[in-house]
Every structure is written in structure tokens, then in C-alpha cells.
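Residue numbers (the numbering used here), protein chains in the order written: chain A, 1 to 112; chain B, 1 to 127.
Incorrect hints may appear among the rest.
[Said to hold, decoys possible] Lysine to any residue pairs mimicking SDA-like chemistry, simulated, CA-CA at most 20 Å apart:
# : chain 1 : residue 1 : chain 2 : residue 2
1 : A       : LYS80     : B       : ARG30
2 : A       : LYS80     : B       : VAL34
3 : B       : LYS70     : B       : ALA123
By construction, these hints were calculated from the structure, which means they are not laboratory data.
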Amino acid sequence: MRRPLGGLTPWLVQRLSAVFMLAFIGFVLANFLVDPPASYEAWRAWMGNPGVSVAALLSFAALLMHAWVGLRDVTLDYVKPLAARVAVLALIATALLGAGAWVFRILWLVRA
Amino acid sequence: MSRRAPARPVFFKLNQIQMPVGALTSIVHRVTGVILAIGIPFCFYAMHLSLDSAQSYERLTRMASNGLFKFALIAFIWALSHHLLAGVRHMLMDIGIGSHLSDARRSAWTVNVGGVAMALMAAGVVL
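Please build the complete structure, drawing on both the sequences and the hints.
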């Protein structure tokens, strides 16, 4: 039987998203150590670089999926009644989707 | 007639429970995960301010000079550091590195202390 809330998929999503974010954090830290953007113009230009903004967008997608799996696990551990579970999970999903739309817009407006 | 499940030992005296160091690493990994998730909208808002215009960028730098902002930032960096280190420890164990008890204890200490050390370094930069 297929279990929508269990199995290998969330386990794998959690690890792949973690590794991707780890690589992006390393990339950003390395850049900031070598050549920190010193002004608004420099920071905006750096973020507007297509390579950087696409990598940032993928990282934020990874972040929101990672947050979904993690918060879902916490919810399933502590919220037992079905109705409350559905309500909490729906709230989390809505918030994460909204956050995703917001950050997409932020990055879209900064494109060079 | 329904039979009750056999009684299991229940012991909730938190001040008397021996928490092995790995248990501390693990529960803090979970708690910091929730903290970081709550921090997402604040991070996105900061990113919006930093990129929207030169004025909003100025506003963010003014906000960042506030003591409460700095404290929250350092706490957030601690949460991120602990969560990240504990996650790396977890994935190393997935591929069989450091899953013996003595190694696991040592890496748990490394994670717990390393997260605080990274927060102190951040405090050195921020303050």
C-alpha cells in the first residue's frame, strides 16, 4: 500500500534539499569572505546575476520543501486528532506556499 | 470486554532523567528546526528590504543597529549552526560514519559545542 505520509520520499527530500542548501550556503559565505558587497548597488547587482538568482531560487525551493518535511514530522508526532492534524498541516502548507510566492517575487524583481 | 494495554513504565521527572549527549543534540536539532521555520518570513522580509530600493536597504541597516535585532540575529545564527552541524552528523551516520557509540558521543559534543562556537563568532562580527 502506498503511504502518502511515510516511506522513502520525504527522507530523500530532506537529505537532498539539505545538501543543496549546504552547497549554496558555502558558496554565499565564500563569496562574502572574499568580496563582500559593500553597497546597495553592489549587493543588488550580485543578487541580480542570473546564476546567483537561479541558485538562490532553487535553494529557497529546497528550504521550503525541507521545512515542509520537518514541520510535517513534528506535527504528526504531537498533534494526534485527525481534524487538528489536517488543520495544522493545511496552515503550514499555505504559509510555505505563500512564502515561496513571496520570495519568487523578490528574486524576480531583482533580475538584471 | 476490551483489554487495556499493559502498563509501561512512565517517568516524566525531567530534572531526574539522564539525557545522554546525543539526545540533547537530537532534541535541539528538532527545536532549532522549528525556530528556523518560524524565522523564514523574517528572513524573506529582510531580503525584500535589502533588495527593493536604496531607501529600504538603508532602513534595514538602521534596523540592524538595534540591540534586539542583533540579539535575535545571533540567536538565529546559533539555531542555524546547530541545525546544520547536527544535520551533517545525521547524514554522515546515514552512510555509516561515526555510528559507533563512542564516536557518536564525541560528534554529539562537537555539534553542541560547535553550534555555540559559531554563534560566538557571529557575535564577534555583529557586536
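Here is how each hint holds up against the structure:
no.: 1; hint: A:LYS80 to B:ARG30; result: holds (18 Å)
no.: 2; hint: A:LYS80 to B:VAL34; result: holds (18 Å)
no.: 3; hint: B:LYS70 to B:ALA123; result: holds (8 Å)
When each numbered hint is compared with the structure, no violation occurs for any of them.
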